[in-house]
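Q: Based on the provided sequences and hints, a complete structural model is requested.
These are the residues of each chain, in order.
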Amino acid sequence: MQETKLDTRLLPTHPAIASLLPGGGLKQGAMYSLEQSATLLMALIAGPSRAGSWCGVVGVPEFGVEAAASFGVDLERLVLVPNPGDQWLAVTAAIADVMPVVVARPPQRASDGNLARLAARLRQRGSTLIVLGAWPQSEAMLSLSDSQWGGIGRGHGHLTARQATVTVSTRLGRPRSARLWLPDPELQFTPMSSQAPVPVPVPVPVRVPAEYLRAV
Amino acid sequence: MSAPIARSMVLWVPDWPIVASTRVSPLQTGLPLALIDKGQVFACSASARAEGVKRGLRVREAQARCPGLIVRAYEQQLDQRTFETVVTEVEELMPGVQLLRPGICAIRSRGPARYYAGEKPAGLALVTLLDQLGVPGSRVGIADGPFTAEQAARTATHVRRVRVVPEGNAAEFLRDLPVSLIDDPPLIVLLRRLGIMTLGDFAALPADDVAGRFGEGGARLHALSGGLDSRPIVPRIPPEELDVQVAFEPALDRVDQVTFGVRTVADDFVQGLVGQRLVCTALRVEIETELGDYSERSWLHPRSFTAADVVDRVRWQLQGSAEVDSGLRSGVTRVRIVPESVDAIAHHEVGLFGAGPDERIHHGLSRVQSMLGHEGVVTAMVSGGRTLADRQATIPWGDRPLTPRNPVEPWPGQLPKPFPSTVFPTPHPVHVFGPGGVSVTVSDRGMLSAPPARFSPAASGRDAREVMAWAGPWPVAERWWDAAAAHTAHRFQVVDDRGIAWLLVLVGDEWSAEARYD
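From first to last, the protein sequence lines are chains A and B.
By the numbering used here, the letter at position 162 of the first sequence is numbered 162, and the numbering carries on one by one without gaps.
By the numbering used here, the letter at position 516 of the second sequence is numbered 1516, and the numbering carries on one by one without gaps.
Be aware that one or more of the hints could be misleading.
[Stated by the list, open to error] Computed cross-link-like contacts, SDA-like style, restricted to lysine to any residue with a CA-CA straight-line distance of at most 20 Å: (1) B:Lys1417 <-> A:Gly72; (2) B:Lys1054 <-> B:Ile1036; (3) B:Lys1417 <-> A:Ala69; (4) B:Lys1120 <-> B:Asn1169; (5) B:Lys1054 <-> B:Trp1016; (6) B:Lys1054 <-> B:Pro1185; (7) B:Lys1417 <-> A:Glu62; (8) B:Lys1417 <-> A:Pro185; (9) B:Lys1038 <-> B:Gln1063; (10) B:Lys1417 <-> B:Gly1384; (11) B:Lys1120 <-> B:Thr1155; (12) B:Lys1417 <-> A:Leu187; (13) B:Lys1417 <-> A:Gly155; (14) B:Lys1417 <-> A:His156; (15) B:Lys1417 <-> A:Gln188; (16) B:Lys1417 <-> A:Asp74; (17) B:Lys1120 <-> B:Arg1160; (18) B:Lys1054 <-> B:Leu1181; (19) B:Lys1038 <-> B:Gln1080; (20) B:Lys1054 <-> B:Tyr1074; (21) B:Lys1417 <-> A:Glu186; (22) B:Lys1120 <-> B:Met1094; (23) B:Lys1417 <-> A:Ser147.
It is worth saying that the hints were derived from the structure and are not from the lab.
Computed from a predicted model, the values in this text were never measured in an experiment.
A: Right, dumping it as structure tokens:
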């Protein structure tokens, strides 16, 4: 089928997720919606951030900064607007004017006219918007399921790695999904090989502090 | 070879560091005070000196000699800053002041001597001015050259506070003064070993021999001790006033009115700086209100302030917190804008093809800041600490990044990797139940009452999920020695049946969720 739009440029996206996305990566000027998973969000923005793009995060006061840094988001080029309140649409538009990647969580629905204006602005500026939650005009919707944590047992070990299925559904076509390490024990995002056995939580021997840790 | 020697007038305030310190933080007169620099007495008041305290003593010894001694730290900046106000006043009376050191300044005496019909009346006028300014005990010396005049001022007594050494009598005046007055300690030691004890003895040596033996510097000191101080007095150029202020009469009680009133002076402020070929990179806004409230804050700019930026900073300071359009507690009567750091404009010139993307980003974020307030837009840093809230720091856009704790230090007891991707700004209460449906607790010895079996992420206890895996308790006891800041908790990692992992904290028997691994 012929594309209805002109060719768009892609943002540098993490290869494990890029193959699932329509067009083979995050498109500039497009909108994506993401079901509640902050790790997947960080996986999405780590690629552009590592390549030198600025990222703005609007309305996410609980964004885990340390996790973002460990997953490869450059904090030097990360700007947070934790509580935009009622002005979230204006703030998102203002940030989209200057930053190539914007993450927003809408606290309420905006009118269709405002959404169309925002979409036009994003297209004009070539900024990518990632919306946490449902979004009517999104290019693709990403969601996470069947998450399994490793390294922790019943009363021993600690969280080390997680495997999860990332599903990308578009308005047209079948949803595509893949099983990924989000993250693997080295804090990287890697696809799982298909022959890999179904993961079982394997306790990793760690020293559980037996006595009180006294800060001195 | 020698230039004509100018008649000089030197104003000397004895114990200036002490005067400066008591001017800033007043002290009952007569109490012994000493200023300490690097563990030694740098300056002491007259009453302390009477008890045997002197410059160069160790603090312990000074306190032993004078048990009631009040000890303060010596601040060089304070000396300079307070003397600046005195010099400004002296300049009003007699122009052309050269600042030698804090506490000492020199003036060419020719002009004042003619105006006041004599050198002594001119000196008396200066002493009277200083008394009016509340600086007691100042002395004035008038002689040929600043060096001789300074010595004359130092030998003036508190009864005859102006000492005039007649023209041509400098060598005679200096003859009997000790050689230790010249400012070169190694040379003083050498001269003493040569048996030269007074300035007169030193001046009597042949000038060529001194120049041959001690070089250029020695020859200059030799000329000084002979009363031949040919250094001219170079009057300082008073610094330009760069700060601006605006007074409101009647007082304004709305933020937008004040902002509007500040707009023109903000323009003047930036124009004044541009006239000096400067730009401002940090400024201080001082706001006074009708009720006598005073608010002062420094604002930084990543590039340089434009007039609109200055107006924004005033508005943010008035709004205080992030609320917009709030009324003020009392009417604003005066706003003053003081540049704190300036830079040459050439360093901030916009390049031929613009200054790159960073300027655009700054403009965009400044626009968001003017919508939401200064704290509305933040950048984040990883900080040190054990709790997750401690480990991340946010800095308002444009401020200087400061981490309270060093993230590189080991911080034993911090969480193992991976870090949770969602950190709740305020932990919310949750419930953890054991197999029988009773709440799980941890005893004083760190023993669990029951293994966690069900977990509810809601405060109400509904929506309970099965616990698939868990780890803990990981006790944290921080600052147990300080009752106010002590923090004792047990941390757990819990994975629920939806595959979401949580970081739970048990304080006493209250469970709360600090973060989520989602």
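Q: Now tell me if each hint is right for this structure.
A: Checked hints:
1. B:Lys1417 <-> A:Gly72: 14 Å, holds
2. B:Lys1054 <-> B:Ile1036: 11 Å, holds
3. B:Lys1417 <-> A:Ala69: Status holds; Cα separation ~12 Å.
4. B:Lys1120 <-> B:Asn1169: The given pair, whose Cα atoms are some 16 Å apart, holds under the 20 Å limit.
5. B:Lys1054 <-> B:Trp1016: 15 Å, holds
6. B:Lys1054 <-> B:Pro1185: At roughly 19 Å apart (the allowed maximum being 20 Å), Pro1185 (chain B) and Lys1054 (chain B) satisfy the hint.
7. B:Lys1417 <-> A:Glu62: 18 Å, holds
8. B:Lys1417 <-> A:Pro185: Holds, at roughly 9 Å.
9. B:Lys1038 <-> B:Gln1063: Distance of about 16 Å is within 20 Å: holds.
10. B:Lys1417 <-> B:Gly1384: 15 Å, holds
11. B:Lys1120 <-> B:Thr1155: Holds, because 15 Å separates the two Cα atoms, which is no more than 20 Å.
12. B:Lys1417 <-> A:Leu187: Distance ~8 Å between Lys1417 (chain B) and Leu187 (chain A) Cα, so the pair holds.
13. B:Lys1417 <-> A:Gly155: 18 Å, holds
14. B:Lys1417 <-> A:His156: 15 Å, holds
15. B:Lys1417 <-> A:Gln188: Within the cut-off at roughly 12 Å; holds.
16. B:Lys1417 <-> A:Asp74: 18 Å, holds
17. B:Lys1120 <-> B:Arg1160: With a Cα-Cα distance of about 11 Å, the restraint between Lys1120 (chain B) and Arg1160 (chain B) holds, given a limit of 20 Å.
18. B:Lys1054 <-> B:Leu1181: 18 Å, holds
19. B:Lys1038 <-> B:Gln1080: 19 Å, holds
20. B:Lys1054 <-> B:Tyr1074: 15 Å, holds
21. B:Lys1417 <-> A:Glu186: 9 Å, holds
22. B:Lys1120 <-> B:Met1094: Between Lys1120 (chain B) and Met1094 (chain B) the Cα gap is close to 14 Å, so the pair holds against 20 Å.
23. B:Lys1417 <-> A:Ser147: It holds: about 18 Å lies between the C-alpha atoms, which stays within 20 Å.
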